[in-house]
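Please build the complex by placing chain D on the supplied structure of chain E, with the hints as guidance.
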Amino acid sequence: MSLAVHAGRKDEPVALSERLTGSETATASTQGVKPAAGRWGWLLGLIVPVGLALGWEFAVAFGFGNGRLLPPPSRVLGTLWQLAKSGDLTVHVLATVWRIALGFLFGVIAGTTLGALTGYSTLARRLLDPMLQALRSIPSIAWVPVFILWFGIFETSKVILIAVGVFFPIYLALSGAILSVDRKLVEVGRIFRLSGPELVWRVLLPATLPSYILALRAGLGLGWMFVVAAEFMGASEGLGFLLVDGQMTGQAQMILASILAFAVLGKLTDWLLHIATEPLLRWQDGFRPAG
Amino acid sequence: MLEISGLSKRYPNGLLALSGIGLNVGVGEIVGIVGGSGCGKSTLLRLISGLEMPTTGTIVLNGEPIATPREEIGFVFQEPRLMPWLTIRRNVVFGIRHLPEAEQKSRVEEALKRVGLTKFADNWPRELSGGMAQRAALARALVGRPSVLLLDEPFSALDALTRYDLQDHLLDLWSYDRPTMILVTHDIEEALILSDRVIVMEPQPGRILTEVTPGLSRPRLRGDPEFDAWKRRLLGDLTHSFHVRRSGDEDFPAAAI
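Just so you know, the sequences run in chain order E and D.
My numbering applies: residue 18 is where the first sequence begins, and numbers increase by one.
My numbering applies: residue 30 is where the second sequence begins, and numbers increase by one.
Source of the hints: derived by calculation from the structure; they are not laboratory data.
Please note that the accuracy of each hint is not assured.
Claimed, not checked - Straight-line Cα separation of at most 20 Å, EDC-like style, residue types lysine to aspartate or glutamate; simulated pairs:
| id | chain 1 | residue 1 | chain 2 | residue 2 |
| --- | --- | --- | --- | --- |
| 1 | D | 260 | D | 240 |
| 2 | E | 201 | E | 215 |
| 3 | E | 201 | D | 108 |
| 4 | D | 134 | D | 206 |
| 5 | E | 201 | D | 182 |
| 6 | D | 260 | D | 218 |
| 7 | D | 142 | D | 132 |
| 8 | D | 142 | D | 130 |
| 9 | D | 260 | D | 225 |
| 10 | E | 201 | D | 100 |
| 11 | E | 201 | D | 81 |
| 12 | D | 148 | D | 138 |
So here's chain E without its partners, still in its complex pose (with noise of 0.2 Å):
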């Protein structure tokens, strides 16, 4: 290290990073540690819901219990094969996986859009803010006679009720996290002289997005909820029907069929989106537990 400084010496190649000093080093050596658990750690996950099923199995296997009310594993299991093999198991999925779907593809729109509008401009929060909050407040049942009533009984009605679920969490995210990005990061896009626009994709959005996403997930989350309300709202196909079919007919196998499907797609459909956007926060530097 010198002490000595030079200036003036634009003839002389610059190779700092020979003269890196102790205090310099990068911290990318540290990155990728796996967790213990390595890759089969989600196995783990399994161990609770499948020792809870083999032992309700077992008990009325062994008599402790009639499962009527409560069939057994094997009994639900079966049930869907029966429904699969028939094929009404994929009617019945199609249909509610496309309601969630487009549910929540204008629930995303909607969310972001406002969430977006509110958290830039004052004039829009205090515009619109306050009356979406109290929306907010309403129980999704409570929009089912209004929606019945203005779109119908089919299927707009349905998407709409599930896009109503799927907008609030991104909404109220998407706003307070652009209120709250680092004003620091801001600066630096007003020095580089960044427009409005340019300010929200450029550095609002990005820095929004942990909160952003993980809002997305649980508006997927409140999706796979309010498709239930939905699918009651005189539906003739969906799990929300087959649920409904299942009560009807006294076929409590036929309800836990229909709940277990919900269980499994939901995790399925969480599990997508937390694949697809995975890479999106490689950059983030947050606490990753050990084991």
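Here is chain D on its own, set in the frame of chain E:
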């Protein structure tokens, strides 16, 4: 080149941060600004950058008043302020995103080479040490080839050795295009090592107390008797400005100092 006259800044809470600032900075000159905390050094830099508007007075760069941030003014903050979601390369491109892609590429490669970060171009900011991140911030500020570079205590958060290294390196970088540099610092040695002229500010409200032009030849050596004499003189000026602040503080009557 840069002409500041009658400049004052009063914040909405009534605080008068700067008053009656007048300063001319020539092309390629390096001006250091020193002073205690709260004497308005950073505010002055923010006004020059166009991040904030003065309450009174004017700042004119090459005949044009500054009202908003301009392309010919670069800014290096106390913290690197790199966008954490962009790689180092993309962070540097951020400064010249409007240029054609081919020119972006060649300028970024050159800038990264100059700051010694070519090998780390595709790393995330979180993977760099503080000194390396600050060099990336320097590359981002200089890649647009500004004619004025403003530096707001850019090395204050770094350890002494890294700080010395970056001071040395800053002069390396300056030697390429020789932009006008205005450096705000708490560190008298840093001001003396880097600056052609040193402005000493006093607080409450922030004003220019005095300015000195150290007649030191380059390279400047810490510990050199002449360097130490200038350092003592600046320290004396700073001590005076500190007493000005203390005597203006109701909790610390001047008689008690």
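task: For the pair supplied as a hint, residue 201 (chain E) and residue 100 (chain D), confirm whether the alpha-carbon distance does not exceed 20 Å.
output: Holds - the C-alpha atoms of residue 100 (chain D) and residue 201 (chain E) are around 19 Å apart, at most 20 Å.
- prompt: Is the hinted pair residue 260 (chain D) and residue 240 (chain D) satisfied, with a Cα-Cα distance of at most 20 Å?
  reply: 13 Å, holds
field: Restraint status (C-alpha distance of residue 142 (chain D) to residue 132 (chain D) at most 20 Å)
entry: 15 Å, holds
- prompt: When you check the alpha-carbon spacing of residue 201 (chain E) and residue 182 (chain D), does it fall within 20 Å?
  reply: 15 Å, holds
task: For the pair we were handed, residue 134 (chain D) and residue 206 (chain D), check the Cα-Cα distance against 20 Å.
output: Distance of about 19 Å is within 20 Å: holds.
message: Between the alpha carbons of residue 260 (chain D) and residue 225 (chain D), is the straight-line distance 20 Å or under?
response: 14 Å, holds
query: Given the hint that residue 201 (chain E) pairs with residue 215 (chain E), does the C-alpha gap stay at or below 20 Å?
result: Given pair residue 201 (chain E), residue 215 (chain E) holds - Cα atoms ~16 Å apart, limit 20 Å.
- request: Below or equal to 20 Å on CA atoms is what counts here, so check residue 148 (chain D) against residue 138 (chain D).
  value: Holds. Residue 148 (chain D) to residue 138 (chain D) sits at ~11 Å (cutoff 20 Å).
- request: Take the C-alpha atoms of residue 142 (chain D) and residue 130 (chain D), compute the straight-line distance between them, and say whether it is at most 20 Å.
  value: 18 Å, holds
query: Keeping to a limit of 20 Å between CA atoms, is the pair of residue 201 (chain E) and residue 108 (chain D) held or broken?
result: 9 Å, holds
query: Between residue 201 (chain E) and residue 81 (chain D), does the CA-CA distance stay at or below 20 Å?
result: 14 Å, holds
query: Does residue 218 (chain D) lie within 20 Å of residue 260 (chain D) when you go C-alpha to C-alpha?
result: Distance of about 7 Å is within 20 Å: holds.
The structure shown violates none of the earlier numbered hints.
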